[in-house]
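Undergrad: Below, each chain spelled out in residue letters.
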Amino acid sequence: MIEKKYQTFSRLLSKAKQLFLRYFSRLCRRCSRAFERAETVEEAERVKTIIGACPEGECECCRVSEHSHGPVRGNERLARFVLSPVHVDKKGRIKPSLFSHAATKGCSIQRESASTDELLAWLEGFLRKGKPDVAWCGVVVATAETVRSLRAARKDLQCFAVYDTAQADNVSHAEIFESYPIDEADGPEARKELLRIFSGETFSSQQYRNSDLWKRLSPDLQARQAVPLVKQP
Amino acid sequence: MFTGTAPLGTVAPTIAALFAPAQPSLPTDVIHYGTAGNAALLVDCGARARGFLLVKSETSLSVVDALPLPPVSAARETTESERVAGELRRWGMLESDWDGEGAATPDRNSISSAITFLHLASTKELPEPMLHANGHAGLLWRSDDLYADIEFLGNARVAYYIERGQGKHKGVVSFDRKKIPDVLATLIQG
Chain A
2 MIEKKYQTFS RLLSKAKQLF LRYFSRLCRR CSRAFERAET VEEAERVKTI IGACPEGECE
62 CCRVSEHSHG PVRGNERLAR FVLSPVHVDK KGRIKPSLFS HAATKGCSIQ RESASTDELL
122 AWLEGFLRKG KPDVAWCGVV VATAETVRSL RAARKDLQCF AVYDTAQADN VSHAEIFESY
182 PIDEADGPEA RKELLRIFSG ETFSSQQYRN SDLWKRLSPD LQARQAVPLV KQP
Chain B
1246 MFTGTAPLGT VAPTIAALFA PAQPSLPTDV IHYGTAGNAA LLVDCGARAR GFLLVKSETS
1306 LSVVDALPLP PVSAARETTE SERVAGELRR WGMLESDWDG EGAATPDRNS ISSAITFLHL
1366 ASTKELPEPM LHANGHAGLL WRSDDLYADI EFLGNARVAY YIERGQGKHK GVVSFDRKKI
1426 PDVLATLIQG
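Chain order of the listed sequences is A and B.
Following the numbering used here, the numbering of the first sequence begins with 2 at its first residue and continues without gaps.
Following the numbering used here, the numbering of the second sequence begins with 1246 at its first residue and continues without gaps.
Bound-form chain A, shown alone:
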């Protein structure tokens, strides 16, 4: 009973702190330093390091990157670019493996507030530095609020946190991380939830942004062997 009251108090305190920091986000050096430290560990341990410093998505109200224009708000649309045909099935649907980075180093997304020019610069750079197998198959979209609302084994905790991990050459970059260490027995269920919410809005590369991004992509990158995403009924 005492332990339950303590947990409730601890959670209330954490929420109060988040509300305070929402209005004073510039003060949260602790969170941005935690993310800087996470860059120095092995990639597979990055999410664990961030959970250790910012458990249960505590730092979501903070700006965690100096390149970011602010924390990711709930109503922001998040675009997960599908850049490996491995994650697309033969019917043009994404597979849950598209989100498995959320448990290891962070699952990269683009904030849809980015301009087409910004996205084009990032996408071309990404495709050119990657292996030839990497190709743009399409985009799936969900809001940050929907991602944060997901629950799996622990119904009282949000599964995933969304942070504004902007980079110097990609200021719209953000990431989805597990917000607590999800047990391997619960991993497939958590991935399924991400699959469900992102499958709601699916675009092939030629449909996204009315094909504006596709048309401006270099022909050699357009020619790569991609498995196009298909809008699901």
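Since the hints were made in silico from the structure, they are not lab data.
One or more hints might be untrue.
Using C-beta positions, here's what the derived DEER-type ranges look like [unchecked claim]:
(1) ARG197(A) / THR1431(B): 37 to 47 Å
(2) GLU202(A) / SER1388(B): 18 to 28 Å
(3) HIS1414(B) / PHE10(A): 48 to 58 Å
(4) GLN208(A) / ASP1342(B): 22 to 32 Å
(5) LYS1423(B) / LYS91(A): 28 to 38 Å
(6) LEU1371(B) / ARG31(A): 45 to 55 Å
(7) ARG1422(B) / PRO220(A): 42 to 52 Å
(8) LYS232(A) / LYS1413(B): 25 to 35 Å
(9) THR1431(B) / GLY71(A): 48 to 58 Å
(10) PRO56(A) / THR1350(B): 47 to 57 Å
(11) SER1341(B) / ALA186(A): 37 to 47 Å
(12) LYS1423(B) / VAL172(A): 52 to 62 Å
Glycine included, every Cβ here is placed at the ideal spot set by N, Cα and C.
Start from chain A and add chain B according to the hints.
TA: Relative to chain A, chain B alone:
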């Protein structure tokens, strides 16, 4: 069952020397994984079966025995199960960062487990293969009344999440590669 692949370009001259006819054609692809131990049936450019070669390892192929076969008029089509297994094997040859986002090198134990599971499972529909960022292989069934995501953890264990009808089931079980764990057999085979 064939368990490895080799770059055919490195052994084409050896294969060409093996085939007796005056104008041997160079093989173009492996199209059938034979059941006679580690062997691969190679098909030449004219799509006529020529013989078996013994695969020594994943990086080298040596000619140990040639068993000439009567020519066949057309190559057998790859079955769906072979396509899935072939895709998993191909992924096993990928290097780290195969997705451009820092994914780990595929775990060969995990891939091998997934292929064995695929061959043991007898389901109406075949699964799609998966490869996770941590290098683990997976199998995914998706139909009107079944959603099953099975991840091969690489240490004789599998993690699963299955929705069958209105029910949801999840956990981690041992997989000894001899038979499908009972709980999974019941849920995915119906």
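Undergrad: Decide, hint by hint, whether the structure agrees.
TA: Now for the hints, and whether the structure bears them out:
1. ARG197(A) / THR1431(B): 37 to 47 Å: 24 Å, violated
2. GLU202(A) / SER1388(B): 18 to 28 Å: Since the Cβ atoms of GLU202(A) and SER1388(B) sit about 23 Å apart, the hinted range of 18 to 28 Å holds.
3. HIS1414(B) / PHE10(A): 48 to 58 Å: Violated: the Cβ-Cβ distance is about 35 Å, outside 48 to 58 Å.
4. GLN208(A) / ASP1342(B): 22 to 32 Å: 28 Å, holds
5. LYS1423(B) / LYS91(A): 28 to 38 Å: Roughly 30 Å apart at Cβ, these two residues keep to the hinted range, so it holds.
6. LEU1371(B) / ARG31(A): 45 to 55 Å: 50 Å, holds
7. ARG1422(B) / PRO220(A): 42 to 52 Å: Hint holds: Cβ distance 47 Å, inside 42 to 52 Å.
8. LYS232(A) / LYS1413(B): 25 to 35 Å: Since the Cβ atoms of LYS232(A) and LYS1413(B) sit about 27 Å apart, the hinted range of 25 to 35 Å holds.
9. THR1431(B) / GLY71(A): 48 to 58 Å: 50 Å, holds
10. PRO56(A) / THR1350(B): 47 to 57 Å: Given about 30 Å between the Cβ atoms, the range is violated.
11. SER1341(B) / ALA186(A): 37 to 47 Å: 26 Å, violated
12. LYS1423(B) / VAL172(A): 52 to 62 Å: 53 Å, holds
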